[in-house]
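Numbering (numbering that gives the first Met the number 0), first residue to last: 0 to 430.
One should not assume that every hint holds.
[What the hints assert, rightly or not] Below, simulated EDC-like cross-link-like pairs (lysine to aspartate or glutamate); rule was C-alpha separation at most 16 Å, straight line:
no.: 1; residue 1: K163; residue 2: E183
no.: 2; residue 1: K163; residue 2: D343
no.: 3; residue 1: K210; residue 2: D140
no.: 4; residue 1: K210; residue 2: D34
no.: 5; residue 1: K113; residue 2: D80
no.: 6; residue 1: K163; residue 2: E190
no.: 7; residue 1: K210; residue 2: E138
Derived from the structure by calculation, the hints contain no laboratory data.
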Amino acid sequence: MTHIVMIDCHDLGRHLSCYGRADVPSPALDALAEDGVRFENGFCTSPQCSPSRAALYTGYYPHHNGMMGLAHAPFNWSLNDDQTHLAAYLQNAGYHTALAGSQHVTHANEGDIKRLGFDDVLPAHLAPDVAEQAVGFLERDHTRPFFLNVGLFEPHRDDAGGFKLFPPENAPSTLPPYIPDTPEARQEFGELHGMIRAMDDGVGRIVATLKRRGLLDDTWLIFTTDHGLAMPRAKCTLYDPGLETALIMFAPSLGLNGGRVITEPVSHVDLVPTILEWLGLDAPDDIHGRSYWPLLTGGQYQQREAIFAEKTFHTAYEPQRAIRTERYKLIWNAEVDVTNVPADIRHSAIYPQMIDLLTIERPPFELYDLRDDPHEMNNVAGNPTYHDIERDLRERLLDWMRQTDDPLLRGPVASPYYHDALVQLTGNKPS
Numbered sequence: 000m001t002h003i004v005m006i007d008c009h010d011l012g013r014h015l016s017c018y019g020r021a022d023v024p025s026p027a028l029d030a031l032a033e034d035g036v037r038f039e040n041g042f043c044t045s046p047q048c049s050p051s052r053a054a055l056y057t058g059y060y061p062h063h064n065g066m067m068g069l070a071h072a073p074f075n076w077s078l079n080d081d082q083t084h085l086a087a088y089l090q091n092a093g094y095h096t097a098l099a100g101s102q103h104v105t106h107a108n109e110g111d112i113k114r115l116g117f118d119d120v121l122p123a124h125l126a127p128d129v130a131e132q133a134v135g136f137l138e139r140d141h142t143r144p145f146f147l148n149v150g151l152f153e154p155h156r157d158d159a160g161g162f163k164l165f166p167p168e169n170a171p172s173t174l175p176p177y178i179p180d181t182p183e184a185r186q187e188f189g190e191l192h193g194m195i196r197a198m199d200d201g202v203g204r205i206v207a208t209l210k211r212r213g214l215l216d217d218t219w220l221i222f223t224t225d226h227g228l229a230m231p232r233a234k235c236t237l238y239d240p241g242l243e244t245a246l247i248m249f250a251p252s253l254g255l256n257g258g259r260v261i262t263e264p265v266s267h268v269d270l271v272p273t274i275l276e277w278l279g280l281d282a283p284d285d286i287h288g289r290s291y292w293p294l295l296t297g298g299q300y301q302q303r304e305a306i307f308a309e310k311t312f313h314t315a316y317e318p319q320r321a322i323r324t325e326r327y328k329l330i331w332n333a334e335v336d337v338t339n340v341p342a343d344i345r346h347s348a349i350y351p352q353m354i355d356l357l358t359i360e361r362p363p364f365e366l367y368d369l370r371d372d373p374h375e376m377n378n379v380a381g382n383p384t385y386h387d388i389e390r391d392l393r394e395r396l397l398d399w400m401r402q403t404d405d406p407l408l409r410g411p412v413a414s415p416y417y418h419d420a421l422v423q424l425t426g427n428k429p430s
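Whenever a hint applies, use it, and build me the whole structure from the sequences.
Structure below.
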């Protein structure tokens, strides 16, 4: 029997040594990539915690699965009743399902979490404690296959907007190209690397336990993150630093080993149908994701022509949709405003150094030539040279919105907070 251990963390993007960031202290994940399969072009569907995770674990885009904003109070977004979490699919297939740590697609209480499909809920917050819970589960004697979902908080910013929950690492020698190279930025990235070190240590403990228990060769180990780094012009934006995600797998019994690098683009929304195909289970006919199981096993596979992404709410209404091909990205901004920067990022010492970039009024469309402008600084929407490309991408984006029943096509989307406030005002639930 093959077990599944799926580890996700907050706010990492692809900020790991195995993805080219040499200063990042991530030895456990680097070793996993060296021995397993690393996806070079993994993307999330939404650059925010709850919507991204909802798509990752259901196979449906956030605007369809109901999770168009944050799940926790006071925002209280939730999955639609017809949505099935990966844990429920596996539970119904006979797996013993357990969650260690965070999940962020429902409220953080045992009853709601078990309704997602988890038999066991092992609460913990920071990586050392989450890893301890995961190790305790792995130490049990298992008589049937298990699905252990491990949710790591790190490297999410702390309540004060920093990265000070663990000792910092040395300041890196280089910074991501979209970040200004200043002493403040280098210091903050050193602190970020301390959080990544703690997260990586947790992963290392889990892998070591699987190996010591003789489970590693019979386990499909999956590691990913919800979205990009919690940095200005990354998290909560539809630019590549917000959408790019690490994705690493290891499963020798399934042929997922040997240090392979997969360059074909994949979306978070594709993971559930991939696992279902491996299990021999039928995915729902209308599921949005596309199985890449044939890509993993050397079968016939037609790669994605485009990645689609979205944002509707974070802490405020900010409806955006995007289509990304290998060379171009089109972003549709459905409301006139400046970028809504999350509160924790506004506490960053880097934020005021990028304020001019972050307070520009957004146009209806942004179009970027990713080959010539990989950091998405030169908006060529409306440029006659790109007329045909822009028209084609607009049509494809609209077609995707129609096919996936995007509520933005019917007008502005109201939040759960609005509905609750309306009930308090009128005494009646909205129709």
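Numbers of the earlier hints that this structure fails to satisfy, in rising order: The structure breaks none of the hints.
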